[in-house]
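Assemble the whole structure, with the sequences as input and the hints as a guide.
Note that our numbering has the sequence shown beginning at 2, numbered continuously upward.
Think of the hints as simulated: they come from the structure by calculation, not from any bench. Keep in mind that the hints are not guaranteed to be accurate.
[Claimed, not checked] The calculated label-pair distances, taken between Cβ atoms and stated as ranges, are: (1) F40 - W220: 31 to 37 Å; (2) V247 - D161: 35 to 41 Å; (3) P168 - P308: 38 to 44 Å; (4) F384 - T29: 29 to 35 Å.
Glycine residues also receive a C-beta, built at the ideal position from the N, C-alpha and C atoms.
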Amino acid sequence: MRERTSAPTGAAERPRLRRDDPVYWLTTLFVISIVLMRFAALPNAPITLTTALIFVFCYFAYRQHILTIEPGRFQLWLAAAGLSAVLPLVQLPLVPTVNFSFSSWALWHVLWLPAVFRITDPSPSAYLRTCRSVSWAGFGFALLSLTFLGSQAAGIPYRDYFADFVPRPLQVIGFATTVPITWGNPIHKSNAWVALEPSFVSFILGATLLAALISGQRWWVSVTIIAGLLSSFAGSGLALLALAAVIMLLSGQLLRYSRALLAGAVIFALSYFTPVGTVVFSRVDEVSQDQSSTALRATLPYEVLVPEYLQSLPGMIFGYGAGSSRQVVDGMAIPGLLVPNPAKLIFDYGLLVGALLILVVVAIHLQSPAPAIALPILASFLFLQAATQPMITVLLVLATWWAPSAFQIPRDEGRLTEAADWKPPYAASR
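Put into structure tokens, the structure is as follows:
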């Protein structure tokens with residue numbers, strides 16, 4: 002048995018070796034998750050290579066004592082995985098038209114399994130440095146996205162360089178990598194060449210912008226991230242920012258970020274009158290439009306699934322089998338129609354086990370040092386986004402692996418505060 006000593010909490014202190022610094026590890030994972038996003042885990046598979054690589058990361062981070070297991074989340078994940086695994090024994094004799102896809106069941110639990118870890122020795126200074134480091138990664142990603150859009154604006158036709166140079170079997174399939182900003186327009190929405198879809202660019206840059214605000218990053222870094230977010234012509238990041246502003250207001254931290262939020266509001270207001278802003282902000286009310294991108298995520302899936310779900314009382318209670326919701330949606334032949342996490346879990350696993358699986362998703366977003374990051378991501382996963390590894394990695398790096406947290410974002414600009422008697426609450430013993 003070897004007892005771990007707690008990491009220093011002073012803002013000026015740093016781990017002596019980079020290999021012992023969680024900031025270095027988390028930033029590396031964050032960048033890898035972006036760069037390798039379009040590589041397939043298996044030939045011609047719809048699963049990104051980083052879904053497997055994150056387990057390699059967790060293994061070595063655990064061996065290096067960067068990560069350890071969070072008991073509460075691990076037990077909750079085990080209970081959810083176990084009950085959902087034996088559920089077909091009940092579904093088969095009781096539920097008509099039951100369908101069980103082992104790959105669907107396994108993929109969902111594999112995607113969320115890394116959430117059972119946490120940082121071994123968390124400290125406010127380490128979290129602040131992580132946010133700052135991740136915001137630099139977002140800055141670089143934003144520059145790449147702006148280059149994608151700027152090259153087309155300069156007259157260079159869109160070309161998917163990734164698809165040109167990477168063999169087709171090694172590419173992730175099943176995603177709308179990019180599309181024209183409007184029908185017939187030669188300019189495409191930015192996926193920065195490396196993202197699975199423009200919405201991934203928007204989502205990641207929205208989260209890194211929040212990290213930049215929390216860490217007191219330079220103003221021009223935040224401005225560049227905002228510009229990169231707009232270049233995606235997608236609304237995922239804007240939704241995160243809007244929800245974060247509401248959370249800051251409700252938590253009394255709005256004044257702390259008043260200057261940054263005011264600057265951001267001015268930038269968004271000015272961009273509204275540009276061609277980019279006109280397209281991006283026109284999506285605010287698209288949820289009411291039939292088969293719009295937002296409707297395909299937020300409303301249409303329920304219109305399709307609810308009538309099917311209500312057909313059988315045993316099916317309502319025990320579910321229709323893992324992957325059955327996807328089969329129903331695919332049968333509608335509506336391109337881009339997604340299955341939100343709550344709809345998928347309740348339809349596939351029923352009210353009882355489905356509620357437990359939803360609890361897993363909710364639990365890993367709680368007790369973060371920065372609710373303004375974690376809670377908007379939770380809302381996005383519940384109402385707008387399907388569970389995909391690159392987006393889950395954003396959550397892990399900026400929220401889940403730091404929770405349960407003994408410190409919070411303070412009202413003082415650019416610093417994290419902690420109680421006078423704060424100590425790393427989960428120092429590991431091995």
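Verification of the supplied hints:
1. F40 - W220: 31 to 37 Å: holds (35 Å)
2. V247 - D161: 35 to 41 Å: holds (37 Å)
3. P168 - P308: 38 to 44 Å: Distance hint for P168, P308 holds at roughly 43 Å.
4. F384 - T29: 29 to 35 Å: holds (31 Å)
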